[in-house]
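Peer 1: Sequence:
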Amino acid sequence: MTEYPPSGVLFANKKKTKQNSPDYTGNLELSDEVVNDLVSQMERGVEKPKINLAGWKKVAKKTGDTFLSLRGSAFEERSRQSVGYAPAKVEPLDDDIPF
Numbered sequence: 010m011t012e013y014p015p016s017g018v019l020f021a022n023k024k025k026t027k028q029n030s031p032d033y034t035g036n037l038e039l040s041d042e043v044v045n046d047l048v049s050q051m052e053r054g055v056e057k058p059k060i061n062l063a064g065w066k067k068v069a070k071k072t073g074d075t076f077l078s079l080r081g082s083a084f085e086e087r088s089r090q091s092v093g094y095a096p097a098k099v100e101p102l103d104d105d106i107p108f
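Per our numbering, the sequence shown starts with residue 10, numbered consecutively.
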């Protein structure tokens with residue numbers, strides 16, 4: 010059996026019976042680390058424990074259906090600033106140009 014990190018999937022719900030039925034359904038495997046972090050959050054009194062989720066849009070080879078491949082990890086608070094390059098430092102100009 011091939012070892013792989015815990016993961017999950019979300020497929021479009023082709024069996025929608027009502028307007029408020031979910032658009033996507035699937036499942037997510039959780040690692041021991043994530044489960045332990047959830048338990049730790051509960052023990053600290055967090056009412057609604059969280060995990061971080063990442064998703065990649067993929068296409069199923071057999072059916073051609075688009076789905077989301079998911080990965081969960083222990084929750085880490087993220088800053089409101091988007092992830093990416095650090096802002097460039099702006100140094101004041103020290104020149105003799107009068108404008």
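Hints are not guaranteed to be accurate.
To be verified - Here are the simulated DSS-like cross-link-like pairs (lysine-lysine), alpha carbons at most 25 Å apart as the crow flies:
| # | residue 1 | residue 2 |
| --- | --- | --- |
| 1 | 23 | 71 |
| 2 | 70 | 23 |
| 3 | 24 | 57 |
| 4 | 25 | 71 |
| 5 | 24 | 59 |
| 6 | 24 | 67 |
| 7 | 25 | 70 |
| 8 | 67 | 25 |
| 9 | 67 | 23 |
| 10 | 57 | 25 |
| 11 | 27 | 70 |
| 12 | 57 | 23 |
To be verified - Here are the in silico distance ranges between beta carbons for each label pair:
| # | residue 1 | residue 2 | range |
| --- | --- | --- | --- |
| 13 | 49 | 74 | 36 to 44 Å |
| 14 | 72 | 14 | 36 to 44 Å |
| 15 | 24 | 54 | 24 to 32 Å |
| 16 | 15 | 87 | 30 to 38 Å |
| 17 | 80 | 48 | 17 to 25 Å |
No wet-lab data here; the hints were simulated from the structure.
Where is the CB? At the ideal position from N, CA and C, for every residue including glycine.
Peer 1: For each hint, tell me whether it holds in the structure or not.
Peer 2: Going through the hints against the structure:
1. 23 <-> 71: holds (16 Å)
2. 70 <-> 23: holds (18 Å)
3. 24 <-> 57: With a Cα-Cα distance of about 30 Å, the restraint between residue 24 and residue 57 is violated, given a limit of 25 Å.
4. 25 <-> 71: holds (22 Å)
5. 24 <-> 59: With a Cα-Cα distance of about 29 Å, the restraint between residue 24 and residue 59 is violated, given a limit of 25 Å.
6. 24 <-> 67: holds (20 Å)
7. 25 <-> 70: holds (23 Å)
8. 67 <-> 25: holds (21 Å)
9. 67 <-> 23: holds (17 Å)
10. 57 <-> 25: Status violated; Cα separation ~28 Å.
11. 27 <-> 70: Roughly 29 Å separates the two Cα atoms, so the pair is violated.
12. 57 <-> 23: violated (30 Å)
13. 49 <-> 74: 36 to 44 Å: For residue 74 against residue 49, whose Cβ atoms are near 37 Å apart, the range 36 to 44 Å holds.
14. 72 <-> 14: 36 to 44 Å: Between residue 72 and residue 14, where Cβ atoms are some 24 Å apart, the hint is violated.
15. 24 <-> 54: 24 to 32 Å: Given a distance of about 39 Å, which is not inside 24 to 32 Å, the answer is violated.
16. 15 <-> 87: 30 to 38 Å: violated (21 Å)
17. 80 <-> 48: 17 to 25 Å: 20 Å Cβ-Cβ, so the 17 to 25 Å window holds.
Of the numbered hints given earlier, the model fails hints 3, 5, 10, 11, 12, 14, 15 and 16; all others are met.
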